[in-house]
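A.B. asks: Chains as they are written, first to last, in the numbering used here: chain X, 1 to 577; chain W, 1 to 388.
If you are wondering where the hints come from, they were derived from the structure by calculation, not from laboratory data.
One or more of the hints may lead you astray.
[What the hints assert, rightly or not] Residues from chain X that keep clear of chain W, each with C-beta distances beyond 10 Å, as calculated:
| hint | residue |
| --- | --- |
| 1 | Gln14 |
| 2 | Phe15 |
| 3 | Ala31 |
| 4 | Gln40 |
| 5 | Glu162 |
| 6 | Asp201 |
| 7 | Asp218 |
| 8 | Asn320 |
| 9 | Glu454 |
| 10 | Asp494 |
| 11 | Ser513 |
[Unchecked claim] For lysine to aspartate or glutamate, the following EDC-like pairs were computed, each having C-alpha atoms within a straight-line distance of at most 20 Å:
| hint | chain 1 | residue 1 | chain 2 | residue 2 |
| --- | --- | --- | --- | --- |
| 12 | W | Lys253 | X | Glu366 |
| 13 | X | Lys240 | X | Glu525 |
| 14 | W | Lys238 | X | Glu525 |
Where is the CB? At the ideal position from N, CA and C, for every residue including glycine.
Chain residues, written in single-letter form:
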Amino acid sequence: MAYTTNANLVLRLQFWRAWLTLGALLVLFLALIGRAVYLQGYQKDFLREQGEARYYRVIKLEANRGTITDRNGNPLAISTPVQSIWASPSDMEPLHASQLALLSKALSVPLEELTRKLADTKRDFVYLKRQMNPDAAQRVLELRIPGIFKQTEYRRYYPAGEHMAHVIGYTDIDNKGQEGLELTRESMLAGKAGSRHVIRDRHGYIVEDVTGVEQPKDGQTLTLSIDQNIQYLAYRELKKAVEENGAKAGGIVVLDAKTGEVLALANMPSYNPNTRAKLDPARKRNRALTDVYEPGSTMKPFTAAAAIESGKFTPLTVINTAPGSMTIGPNTVHDAHPHGALTVEQVIQVSSNVGASKMALSLEREYLWEFFDSVGFGTPPHSGFPGETPGRLRPWKSWRPIEQATMSYGHGISVSLMQIARAYMIFATDGEIRPITFQKLVAPQPGRRVISAETAQALRKMLEMATQPGGTARKAQIVGYRVGGKTGTSHKLDGGSYVNKYVSSFVGMAPISDPRLIVAVMIDEPSAGKHFGGAVAAPVFSQVVAGSLRMLGVPPDAPTQNILLPEPDVPEIKEET
Amino acid sequence: MKMFYQALRRRPAMAGYDLALVWAVLILLAIGLIMVYSASIAAAEVDRDTGFRYSYFLTRHAAFLAVALLAGFAAFQIPIRLWQQYAPYLFLIGTALLILVLVPHVGREVNGSKRWLSLLVVNLQPSELMKFFVVLYAADYTVRKAAYMHSLLKGFFPMFLVMLLTGALLLAEPDFGALAVITAIAMGTLFLGGFDWRLFGGLIIMLVVGFVGLIYSSEYRYKRLIGFMNPWDDPYGKGYQLSHSLIAFGRGKWFGVGLGASVEKLSYLPEAHTDFLMAIIAEELGFAGVATVVVLFGWLTWRAFAIGMQAAKLERYYAALVAQGVGIWLGVQSIINIGVNMGVLPTKGLTLPLLSFGGSGIMANLIALGVLLRVDWENRQLMRGYTV
């Protein structure tokens, strides 16, 4: 072996090399420790934030929306738990075609829509299907596809459907009130959503709660003044009348005469709040509160009451209405049938425009205005409903005599059906008017006196007379109860002039001896031949009142053979306006 | 009298092996076992391949550890003389295995890399064994070529060719991590073996210049490489893994979120139980855990070099270079792995020695440590006047 190849002789491992190498490695180890100090001691806040952005979530816990019930506790709007299926595309791996097909089938969502929803992988929340029934949702989850979750939500269900649609309104898919009481009582019904602050793993499953769970506060139950049975009856009769008369629209309001509670309110056309896709906005209007019409002859009792209260008239004061018309300046007021001398009572009974005009013209403008104002015309009824109309009552200073005359029989003045129903309370309650309410009252709200009890009683007598032979509203009569009311038939205004379209209405109360109910019916544009309030609207009143009084268990105030029919040869009295 | 003092100096009786080193290794293995379990539970539970068994990785890791400890103990029994004798053959076997991996239908491909040979129940990763064989071979080569350590042609070039072949095989898999470690072992062993430091320096400079030139010559490579420096530019794309690793460090703060409480391991951080185990240690055990592991690895490296220098003093040059080669291996690999986890080095695909999940890696590590302890044992035997 040559000298140079003998390793043991040549190789002298130099220790500086080992120390240098070891030193370099140890320096690198130290550098790593330094880096760890930097990351874990100084950059930790930034890093934690970054981390939280990825797995920290706030989960909303839906509050159960309060139930709406009628005055007897029957549910009118209830929330049932449903499941919404959502996905987090950013956490999902691309699905196989077979998985997609299964998912599409389980969700009953078209494949293209599903693919599109899952395509945006930047998003971490997308609804795949809202509000499924819990069984169907469970079948979706059983596919065990990572990144797909369910969320409990509540779906609003309206058992009364179209019967109650305008009162209750409805909520949107996020459970926010959109119409009706669902909208106005939102804060009471909605409750307060709770939340969970959680950390989720990559597949979206909750790992832990970071802070305590904030429990949702459920909404309160709203008990309405509505009586479901009366409401059903009122809707059914209104619908029948609107359909039979080929009318464009209609409305009915049933008030508790003693408390001002709304027992029923219905409009035609209505809608089903449970399936309201493609809903015509016209159907959603709560016409009884939002729309005005000229009340026609249903105004006359107020004219008579104002006249009697003024002291210038008594119920038996005679007014000459011959020859059935009356000229005021360039205008003329007509009666449908000419009458001669009529008492104030008879003016109401036969609905004489001339008689009403003469009474109105004998009163000060200001006095008459104040009277109309005091029964609520021109101001919204404050029922707590959205979009209430105040109606139209022009300031007295601008009244011309002809206007003062026409207003006495309900033209040149506009009201909502709710306003006129409420105003009739002064006759029903011996002179007091109360606020109306949709909420069930524990005790009646204090009333405000408008007319004396004697006047109110006198008017009740006149209203009863109007439903008896010789009156315009014989069809309002019912078995077992005495009723009173006033018909109204007004021409509609179209482009500033009256045309041959009508609004037929009837406002009445029963039992007349001690009124319990006030019912106001309005049929808009009846087109099937009949258009007088006595023929179109009064029958609705009688059906609804008869049924309602029985349901409420109100003792009859008349024998069962009480219906008075006219002599066969006496012509039926009809009013124009 | 003199013998009396020598007898005194020997007390307390010197152990037959480096107790502190053994403890460091055992502690690292224990930390590894616990953390692999902790880091893998969530992933194993949702993985079809594991049969949704949460303890899948724990049981396998424990089994690997048992086998690898036996293998290490067996390696400890084999005299260094024999390792030196068979080093070239082992190196050839390693090369053959690396070729076999690339043969279609023989090598198993995972995540786009062909690194594994399927052996019925387990997969063998030849590149892990190759690291050990390179330690043995480079030491043998350096000792044999001791006379040419001043010559580029005769001293460096043959090794360079061998490394070029090995490197090509590793790049074909590809396994950049193993290539980096093997290059470090080979170059380090040459340097430690006395290769002319001026030539060595020149080579290093050339390497660096070439590397930098390569990077700057292509915008793609440049972007790819510096991508790791700014994971927050594209945290949901290229920077995804690294940004999650860094978040894990940040969440851990000084003392960690607690064992088992990591969020990153919940499928956010890929490879949490293998390449990015350190991030989970950092999150659950905090800086304290990180520092412990780093210090243990530093200690391990230190002991390997100390044993090597002791062997050199005893003029056992092959043993010295093997011991230091093991030190370079474990030191460099742990530094790279931890550096990758901390975002100071580009992602390589290297495991953390002794800790990360992976049978071949732990097996190779423990065999190497068995040999290191054998070197130490032989040193002690010689110092006591025995022969080996």
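A.B. asks: Are the hints correct? Go through all of them and say.
C.D. replies: Consistency of the hints with the structure:
1. Gln14: The assertion about glutamine 14 of chain X is violated, with a minimum of 6 Å to chain W.
2. Phe15: 6 Å, violated
3. Ala31: Non-interface label on alanine 31 of chain X violated, nearest chain W Cβ at 8 Å vs cutoff 10 Å.
4. Gln40: Not fine: 4 Å to the nearest Cβ puts glutamine 40 of chain X too close to chain W.
5. Glu162: 50 Å, holds
6. Asp201: It is violated; aspartate 201 of chain X is separated from chain W by about 3 Å at its closest Cβ, not greater than 10 Å.
7. Asp218: 33 Å, holds
8. Asn320: Asparagine 320 of chain X clear of chain W: closest Cβ-Cβ about 93 Å, beyond 10 Å.
9. Glu454: 83 Å, holds
10. Asp494: Non-interface label stands for aspartate 494 of chain X: nearest chain W Cβ at 65 Å, farther than 10 Å.
11. Ser513: 78 Å, holds
12. W:Lys253 to X:Glu366: Between lysine 253 of chain W and glutamate 366 of chain X the Cα gap is close to 83 Å, so the pair fails against 20 Å, i.e. violated.
13. X:Lys240 to X:Glu525: 15 Å, holds
14. W:Lys238 to X:Glu525: Violated - the C-alpha atoms of glutamate 525 of chain X and lysine 238 of chain W are around 72 Å apart, more than 20 Å.
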